[in-house]
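Generate coordinates for the entire structure from the input sequences, incorporating the hints supplied.
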Amino acid sequence: MSKKVLTLAQKHGYSRIVFGISFIISATCYLLTNDILHLIGTILDIICSTIVLVALLMKSEQDDERSVQNLTLAGESAFDYLMCIALLFTTVTIIFKNFVIDYKILIRLVIGTGYILNGYFFLKYEKEGY
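Residue numbers (this note's numbering): 1 to 130.
One or more of the hints may lead you astray.
To be verified - Listed below are the simulated DMTMM-like cross-link pairs for lysine to aspartate or glutamate, each with C-alpha atoms no more than 20 angstroms apart in a straight line:
| no. | residue 1 | residue 2 |
| --- | --- | --- |
| 1 | 11 | 102 |
| 2 | 11 | 45 |
| 3 | 124 | 63 |
| 4 | 3 | 45 |
| 5 | 11 | 64 |
| 6 | 4 | 61 |
| 7 | 124 | 64 |
Claimed, not checked - Using C-beta positions, here's what the derived DEER-type ranges look like:
| no. | residue 1 | residue 2 | range |
| --- | --- | --- | --- |
| 8 | 10 | 40 | 24 to 34 angstroms |
| 9 | 66 | 89 | 11 to 21 angstroms |
| 10 | 76 | 34 | 38 to 48 angstroms |
Derived by calculation from the structure, the hints in this document are not laboratory data. Beta carbons: idealized from backbone N, C-alpha and C, even for Gly.
Next up, the structure:
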C-alpha cells in the first residue's frame, strides 16, 4: 500500500485556504454569544487546523523553481490586496469616527484573508503558468 503524496496545489494552495478559513472561523467564534454556536465554531476551527497540520506533515511533491516563484508572486499579490483592505478600513474609521474595531477580531480576519488570498493566487498562478 503506497502512501498518498500531496500535490503542490494541495500543499500550498488548498491548505492555505483552509488555514485562512480557520482564522476567520476563529474571529467569528469570538463574536458569537450563543454557547452552542460558539462550540460549533470552535469544533470547525479545530477540524480546519487539524487538516492543515496533516497537510504540513504529509509527504508532498518536491517544490520546483516554478512553484517557489509562484509562491512568491502569490504572497506579493495577497499583500497588495491586504494593503487595499487596510486602506479601506482606515478610511472608514476616519470618516465614521464612532466606528470601533476590535483588534482581536481584526487581526484574525486579516491573517485569515491573507492566507486565503495567498492560496488562491498560488492556485491561479500554477494553473495559468505565471
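Checked hints:
For the suggested pair residue 11 and residue 102, the alpha carbons sit about 32 angstroms apart, so the restraint of at most 20 angstroms is broken. Among the hinted pairs, residue 11 with residue 45 is consistent with the structure: their alpha-carbon atoms are about 19 angstroms apart, no more than 20 angstroms. Of the supplied pair hints, the one linking residue 124 and residue 63 holds, its CA atoms being roughly 17 angstroms apart against a limit of 20 angstroms. Taking the CA atoms of residue 3 and residue 45, the gap is about 27 angstroms. The hint is violated against a cut of 20 angstroms.
With a C-alpha separation of about 13 angstroms, the suggested pairing of residue 11 with residue 64 holds against the 20 angstroms cut-off. Straight-line distance between C-alpha atoms of residue 4 and residue 61 comes to about 10 angstroms, which keeps the hinted pair within the 20 angstroms bound. For the hint linking residue 124 to residue 64, the alpha-carbon distance of about 17 angstroms falls within 20 angstroms, and the restraint holds. In this structure the supplied range 24 to 34 angstroms holds for residue 10 paired with residue 40, their Cβ-Cβ distance being about 26 angstroms.
Separation of residue 66 from residue 89 is about 35 angstroms and departs from the stated range, judged on CB atoms against 11 to 21 angstroms. Checking the proposed 38 to 48 angstroms range against residue 76 and residue 34 shows it holds: the Cβ atoms sit about 40 angstroms from each other.
Consistency with the previously given hints fails for numbers 1, 4 and 9, ordered from lowest to highest.
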